[in-house]
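**Student:** One letter stands for each residue in the lines below.
Protein chains: 2
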Amino acid sequence: MADREDRGPVEEPEEISPLTLNRLSFYLRCLRQLQEERVKRISSQDLAGRFNLSATQIRKDLAQFGEFGIRGVGYDVDELADHLNQLLGLDRRHAMLIVGMGNLGSALAQYLGFNYGAFRVVAGVDRDPAKVGRSLGSFVVRPVDDLPAVVRESGAEIGVLAVPAEAAQENCDRLIKAGIKAVLNFAPIRLKGIPGVPLKNVDLRIYLEELAFFLR
Amino acid sequence: MADREDRGPVEEPEEISPLTLNRLSFYLRCLRQLQEERVKRISSQDLAGRFNLSATQIRKDLAQFGEFGIRGVGYDVDELADHLNQLLGLDRRHAMLIVGMGNLGSALAQYLGFNYGAFRVVAGVDRDPAKVGRSLGSFVVRPVDDLPAVVRESGAEIGVLAVPAEAAQENCDRLIKAGIKAVLNFAPIRLKGIPGVPLKNVDLRIYLEELAFFLR
Chain F
1 MADREDRGPV EEPEEISPLT LNRLSFYLRC LRQLQEERVK RISSQDLAGR
51 FNLSATQIRK DLAQFGEFGI RGVGYDVDEL ADHLNQLLGL DRRHAMLIVG
101 MGNLGSALAQ YLGFNYGAFR VVAGVDRDPA KVGRSLGSFV VRPVDDLPAV
151 VRESGAEIGV LAVPAEAAQE NCDRLIKAGI KAVLNFAPIR LKGIPGVPLK
201 NVDLRIYLEE LAFFLR
Chain B
1001 MADREDRGPV EEPEEISPLT LNRLSFYLRC LRQLQEERVK RISSQDLAGR
1051 FNLSATQIRK DLAQFGEFGI RGVGYDVDEL ADHLNQLLGL DRRHAMLIVG
1101 MGNLGSALAQ YLGFNYGAFR VVAGVDRDPA KVGRSLGSFV VRPVDDLPAV
1151 VRESGAEIGV LAVPAEAAQE NCDRLIKAGI KAVLNFAPIR LKGIPGVPLK
1201 NVDLRIYLEE LAFFLR
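For the protein sequence lines, the chains are F and B, in the order given.
First residue of the first sequence? That's 1 in the numbering used here, and the numbers climb one at a time after it.
First residue of the second sequence? That's 1001 in the numbering used here, and the numbers climb one at a time after it.
Pulled out of the complex, with its shape left as it was, chain F reads as follows (with noise of 0.2 Å):
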């Protein structure tokens, strides 16, 4: 459905950029909302209008993937949520595993968001002894020097990072080498990951930004 002249560079859909990432992700939320209030077809431009989005940038992103909507009937609803749940790789149960069990780290392993849908929280450690023991959701808190048996023992693929700034780097190269497959970084520090290792830096001034222009 893009017009041709509106692509720009073409680019490989393997090399999606984060930003691509980011748009599908929020198509996606849009089209979970359409899908409670029983919407079940909808036009580029309508989707466009209804969530203060480009209908150009909607055709482009989701024509790279595939031939999505009927020009004049626009997407279905059900069919296009499905497949975005499986390119984004959301029709598999992700488990989840943190890393530092203090104030952030409690909130985030109960945090219903996380979970919810195809991500759970599966395991979590600490340093302090304190804190080793206690129990979580459906986990017991497993002391910091045991990560590589509890990656093997959980099946947790994302490592999720809740420590101070200065712990960060380490416990995640602790992560990396323990066999944890993605890390997801919490703490106010920018990590370096490794290749074939995808790593996230979670910033969340990100939202008060977008808050302070609307208060300029």
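Hints are supplied without guarantee of correctness; some may be wrong.
[As the list claims (entries may be wrong)] Keeping only pairs whose Cα atoms sit at most 25 Å apart, straight-line, the calculated SDA-like set for lysine to any residue is:
(1) F:K177 <-> F:E153
(2) B:K1192 <-> F:Y111
(3) F:K181 <-> B:L1215
(4) B:K1181 <-> B:A1095
(5) F:K177 <-> B:F1214
(6) F:K200 <-> B:K1181
(7) B:K1192 <-> B:R1216
(8) B:K1200 <-> F:F214
(9) F:K200 <-> B:N1022
(10) B:K1200 <-> F:I206
(11) F:K181 <-> B:E1210
[To be verified] Stretches of chain B that chain F covers, calculated by requiring three or more beta carbons in the stretch to come under 8 Å of a beta carbon on chain F:
(12) 1026–1040
(13) 1081–1094
(14) 1098–1108
Since the hints were made in silico from the structure, they are not lab data.
Quick caveat, the model's predicted, so the values are computed rather than measured.
Ideal placement from N, C-alpha and C gives every residue a C-beta, glycine not left out.
Go by the hints and put chain B onto chain F.
**Tutor:** Same frame as chain F, now just chain B:
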């Protein structure tokens, strides 16, 4: 610097979309990294290459807000960072108040990212008498019933919701009634705001979904 053909639909500067805002915030983050590395000048092509972005998109986004960059020379990194800072309203302080001082609220109050640069946590409230009176950073936790007085006395502009999902809408309404100017919601539920008070729902699953993509 943008090619006229690549611009797509013309947008009003006032009606900036959430995705554009996201990108501007992302560009600013990239520029800060370049500043750390003492890079003085960068072309849109190099900026795009380094951070896996689209050069056309960068030029288009920035051209919306004035004349940045010189053809063939590129952007002055410091100048562009200053402009984006101003554009995003980050050239002045923003005081924040946290509602809910449990694990998440306490973690957010201590999170370096929330006490850095333009943003400061200046107050916290909770409905639990056991939490009221606790000292956290530069403030003492106060009862949620004192919200109007706390907003007035602290000068807080942004209210951060760190309460359970079922208490989020009620507390959002209280924040707005107490005179808060913007709301950042961490409860895993989509809240309804009112016109004139920007509301941002944070969904941490977006980060997991990005990682899941690379684990397919």
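**Student:** Determine for every hint whether it applies to the structure shown.
**Tutor:** Now for the hints, and whether the structure bears them out:
no.	hint	in the structure
1	F:K177 <-> F:E153	holds, 15 Å
2	B:K1192 <-> F:Y111	holds, 20 Å
3	F:K181 <-> B:L1215	holds, 7 Å
4	B:K1181 <-> B:A1095	holds, 11 Å
5	F:K177 <-> B:F1214	holds, 18 Å
6	F:K200 <-> B:K1181	violated, 31 Å
7	B:K1192 <-> B:R1216	violated, 35 Å
8	B:K1200 <-> F:F214	holds, 11 Å
9	F:K200 <-> B:N1022	holds, 16 Å
10	B:K1200 <-> F:I206	holds, 11 Å
11	F:K181 <-> B:E1210	holds, 13 Å
12	1026–1040	holds (count 4)
13	1081–1094	holds (count 5)
14	1098–1108	holds (count 6)
Hint violations for this structure: numbers 6 and 7, all remaining hints satisfied.
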